[in-house]
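Top to bottom, those sequences are chains E and R. Per our numbering, the very first residue in the first sequence carries number 1; after that it's consecutive. Per our numbering, the very first residue in the second sequence carries number 304; after that it's consecutive.
A few of these clues could be false.
Some chain E residues well away from chain R (every beta-carbon gap over 12 Å; in silico) [as the list claims (entries may be wrong)]: (1) Leu-107; (2) Thr-212; (3) Arg-261.
Here are the computed lysine to aspartate or glutamate pairs in the DMTMM-like style, where the Cα-Cα straight-line distance is at most 20 Å [to be verified]: (4) Lys-390(R) / Glu-531(R); (5) Lys-67(E) / Asp-433(R); (6) Lys-427(R) / Glu-531(R); (7) Lys-31(E) / Asp-433(R).
Derived, one-sided and incomplete: chain E residues facing chain R with beta-carbon distance under 8 Å [to be verified]: (8) Ala-144; (9) Ile-145; (10) Leu-153; (11) Ile-157; (12) Leu-187; (13) Met-190; (14) Gly-191; (15) Val-195; (16) Leu-234; (17) Phe-241; (18) Glu-267; (19) Val-271; (20) Leu-279.
Keep in mind that the hints were calculated from the coordinates and are not lab data. Treat the numbers as computed from the prediction; the structure is a model and nothing was measured. C-beta atoms are modelled at their ideal positions from N, C-alpha and C, and glycine is treated no differently.
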Amino acid sequence: MAADVTLAAPLSSAAQPSSFAEFWASFRENKGAVAGLVILSLIVFTAIFADVLAPHSPLEQFRESVKLPPAWYEGGNWAFPLGTDALGRDMLSRIMHGARYSLFIGLSVMAVSIVCGVGLGLVAAFAGGWVDSAISRIMDLIVAIPSLVLAILIIAILQNPSLEKTIVAVTIVSLPRYVRLVRASALSEMGKDYVTAAKVAGVGNMRLMLRTVLPNCLAPVIVQAALGVSDAILEAAALGFLGLGAQPPTPEWGAMVGDGREFIRSEPWIVTLPGLAILVTVISINLFGDGLRDALDPKLKRS
Amino acid sequence: MIRFLIRRIALTLPTFVALMFVTFAAIRLVPGDPVEVRVGEHGISPERLAEFRHQLGLDQPVWKQFLDYVWGLFHGDFGTSVVTNQKVLTEFFTLFPATLELAFCALIFAIGIGIPAGAIAAVKRGSAYDHMLMGMSLTGYSMPIFWWGLLLVMFFSERLGWTPVSGRIDLIQYYFEPVTGFMLIDAMLSDQPGALWSALSHLALPAIVLGTIPLAIIARMTRSSMLEVLNEDYVRTARAKGLPPWRVIGLHALRNALIPVITIIGLQVGGLMGGAVLTEYIFAWPGVGHWLIDAISRRDYPALQGGIMLISSIVIIVNLFVDVLYGTVNPRIRHGR
Numbered sequence: 001m002a003a004d005v006t007l008a009a010p011l012s013s014a015a016q017p018s019s020f021a022e023f024w025a026s027f028r029e030n031k032g033a034v035a036g037l038v039i040l041s042l043i044v045f046t047a048i049f050a051d052v053l054a055p056h057s058p059l060e061q062f063r064e065s066v067k068l069p070p071a072w073y074e075g076g077n078w079a080f081p082l083g084t085d086a087l088g089r090d091m092l093s094r095i096m097h098g099a100r101y102s103l104f105i106g107l108s109v110m111a112v113s114i115v116c117g118v119g120l121g122l123v124a125a126f127a128g129g130w131v132d133s134a135i136s137r138i139m140d141l142i143v144a145i146p147s148l149v150l151a152i153l154i155i156a157i158l159q160n161p162s163l164e165k166t167i168v169a170v171t172i173v174s175l176p177r178y179v180r181l182v183r184a185s186a187l188s189e190m191g192k193d194y195v196t197a198a199k200v201a202g203v204g205n206m207r208l209m210l211r212t213v214l215p216n217c218l219a220p221v222i223v224q225a226a227l228g229v230s231d232a233i234l235e236a237a238a239l240g241f242l243g244l245g246a247q248p249p250t251p252e253w254g255a256m257v258g259d260g261r262e263f264i265r266s267e268p269w270i271v272t273l274p275g276l277a278i279l280v281t282v283i284s285i286n287l288f289g290d291g292l293r294d295a296l297d298p299k300l301k302r303s
Numbered sequence: 304m305i306r307f308l309i310r311r312i313a314l315t316l317p318t319f320v321a322l323m324f325v326t327f328a329a330i331r332l333v334p335g336d337p338v339e340v341r342v343g344e345h346g347i348s349p350e351r352l353a354e355f356r357h358q359l360g361l362d363q364p365v366w367k368q369f370l371d372y373v374w375g376l377f378h379g380d381f382g383t384s385v386v387t388n389q390k391v392l393t394e395f396f397t398l399f400p401a402t403l404e405l406a407f408c409a410l411i412f413a414i415g416i417g418i419p420a421g422a423i424a425a426v427k428r429g430s431a432y433d434h435m436l437m438g439m440s441l442t443g444y445s446m447p448i449f450w451w452g453l454l455l456v457m458f459f460s461e462r463l464g465w466t467p468v469s470g471r472i473d474l475i476q477y478y479f480e481p482v483t484g485f486m487l488i489d490a491m492l493s494d495q496p497g498a499l500w501s502a503l504s505h506l507a508l509p510a511i512v513l514g515t516i517p518l519a520i521i522a523r524m525t526r527s528s529m530l531e532v533l534n535e536d537y538v539r540t541a542r543a544k545g546l547p548p549w550r551v552i553g554l555h556a557l558r559n560a561l562i563p564v565i566t567i568i569g570l571q572v573g574g575l576m577g578g579a580v581l582t583e584y585i586f587a588w589p590g591v592g593h594w595l596i597d598a599i600s601r602r603d604y605p606a607l608q609g610g611i612m613l614i615s616s617i618v619i620i621v622n623l624f625v626d627v628l629y630g631t632v633n634p635r636i637r638h639g640r
């Protein structure tokens with residue numbers, strides 16, 4: 001409950017360190033969340049230092065060692081610990097570099113949709129009237145179209161799928177949740193006394209929006225953002241799998257699963273390993289996000 | 304009640320208008336002139352081209368085209384596929400039963416396992432079973448389902464040889480005219496021994512794949528909702544009265560715990576349609592999701608436009624229906640807002 005009190009009052013810089021300590025104390029109690037954070041840190045580390053850590057270039061084709069199985073299987077070779085794909089590229093190096101793409105997509109979708117979502121949500125809450133209706137109905141529409149179908153449509157409009165277009169499509173698809181969240185919490189904050197007090201004190205609209213109300217809407221947004229990253233990664237991987245995301249030879253995990261599909265019978269590791277990488281990444285982000293929610297937003301706490 | 308119904312319907316109308324506008328705009332935004340797609344690469348005389356444009360209404364001002372489009376929609380004209388030259392509406396509804404059958408079975412799978420599994424986890428809170436189920440649920444909703452589908456194919460079809468890899472039924476052995484479009488029912492009606500079994504074994508893997516995420520979400524939701532309810536006074540009263548535990552849990556607690564679960568189930572519809580695209584693609588399931596992906600790769604934009612219009616309309620209507628149903632069951636929702 002104490003976290004609630006600090007959040008209910010506008011955050012002052014003096015309150016920051018103690019609220020972080022408090023957050024950390026409650027976060028580390030959650031073993032799953034800590035495990036998620038550790039795994040996620042390892043993945044981030046791998047992504048950042050992929051160039052140094054990876055044994056080979058993700059694009060180099062070793063023509064004489066095509067479709068090698070992982071090293072511990074018969075016929076494997078420790079030069080290629082996780083085997084090679086149909087073009088003789090090292091699976092381990094490709095998966096390590098793939099972490100970059102997935103995390104990059106996840107984080108950029110999150111960043112752009114937070115900025116746009118917070119902006120639109122605040123404008124909707126403050127402007128009210130037809131502006132609010134227009135924004136809310138557009139969000140309803142985005143929600144009504146199944147997200148993958150809408151993403152596919154956006155890619156079709158933008159033509160020539162690529163990593164950047166995947167980010168655009170997935171961002172648009174994930175906007176509504178942020179807009180709705182910010183709008184709802186801004187509306188409920190605006191009825192509170194401290195906002196009235198700020199208004200009476202003659203605070204301008206811009207300042208009221210960004211300095212008075214916004215900080216108090218942020219806790220649920222941060223929680224949503226953490227879980228949003230995992231959805232974005234899954235969505236982008238699905239587009240990659242369908243051939244509508246990152247294009248070959250980019251070592252994007254979803255695209256790697258899609259490209260390796262024809263080999264599931266004979267060389268299954270080409271398909272299983274990149275998919276496993278997606279699964280582990282998403283699980284660790286979800287664990288971390290759940291911990292974040294329990295620590296930051298006690299109201300939402302799952303029993 | 305009537306007022307609630309009217310208000311809910313009124314709220315969805317602008318969404319429909321926006322949807323019409325977006326699908327209309329989308330087809331004009333996608334690159335490639337529809338006329339050029341239709342005439343192909345051979346090229347035709349300018350007069351024929353003008354005639355084509357006139358036929359498609361492309362020589363009209365844009366606002367007129369939009370009104371014509373809306374007019375067409377109200378008369379069931381969702382455009383014509385440039386590849387097959389068939390009405391989009393006809394194509395869609397020939398394939399839709401396949402998707403519906405798949406989605407329905409996936410949901411049955413998810414509900415049938417998710418609710419009991421979640422309820423038991425709540426009753427045995429903190430037990431090894433509870434932890435295991437929560438772990439599985441976390442894995443389930445973190446699952447890239449396209450990969451999950453391939454894994455299942457690899458194991459059950461390739462390794463064990465239990466289930467077929469693709470399609471809805473063994474077409475070489477069994478052939479019958481579709482009556483309802485639902486393969487399970489048609490197979491039963493056909494009186495061919497083994498047909499139903501063949502249809503079921505084709506359906507099993509796709510339904511499991513598509514049902515995985517809803518299953519994870521339903522199990523988790525049932526558990527947390529059940530935990531809340533188990534602490535309520537009326538459950539304690541029921542226990543104190545000396546009712547047998549299965550009556551307390553099954554009748555008093557579970558019934559109330561299911562209210563939020565039903566909402567969650569309703570919210571799965573959109574996700575199911577999106578998931579169906581991937582599932583149908585993996586299993587070569589001849590439904591609307593597969594058709595939509597094909598439409599993109601063939602640059603059949605009218606089919607894409609009509610398909611998205613139809614799928615989204617279905618999602619909007621189902622959500623409206625769930626909302627109204629929920630309002631009927633739970634008066635607090637109806638009178639709130």
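Each hint, compared with the structure:
1. Leu-107: holds (17 Å)
2. Thr-212: holds (27 Å)
3. Arg-261: Contrary to the label, Arg-261(E) does not stay out of reach of chain R, its closest Cβ about 7 Å off (not over 12 Å).
4. Lys-390(R) / Glu-531(R): violated (51 Å)
5. Lys-67(E) / Asp-433(R): violated (41 Å)
6. Lys-427(R) / Glu-531(R): holds (14 Å)
7. Lys-31(E) / Asp-433(R): holds (16 Å)
8. Ala-144: Since the shortest Cβ distance to chain R is 5 Å, the answer is holds.
9. Ile-145: Holds, about 5 Å.
10. Leu-153: This hint holds: Leu-153(E) lies near chain R, its Cβ roughly 6 Å from the closest one there, short of 8 Å.
11. Ile-157: holds (5 Å)
12. Leu-187: It is violated, given that the least Cβ distance between Leu-187(E) and chain R is near 13 Å, above 8 Å.
13. Met-190: violated (18 Å)
14. Gly-191: Hint violated; Gly-191(E) Cβ to chain R Cβ min 16 Å, cut 8 Å.
15. Val-195: Violated - the Cβ of Val-195(E) stays beyond 8 Å from chain R, reaching only about 22 Å at its closest.
16. Leu-234: Hint holds; Leu-234(E) Cβ to chain R Cβ min 6 Å, cut 8 Å.
17. Phe-241: It holds, given that the least Cβ distance between Phe-241(E) and chain R is near 5 Å, below 8 Å.
18. Glu-267: violated (11 Å)
19. Val-271: holds (6 Å)
20. Leu-279: holds (6 Å)
The structure does not agree with the numbered hints 3, 4, 5, 12, 13, 14, 15 and 18 stated previously, though it agrees with the rest.
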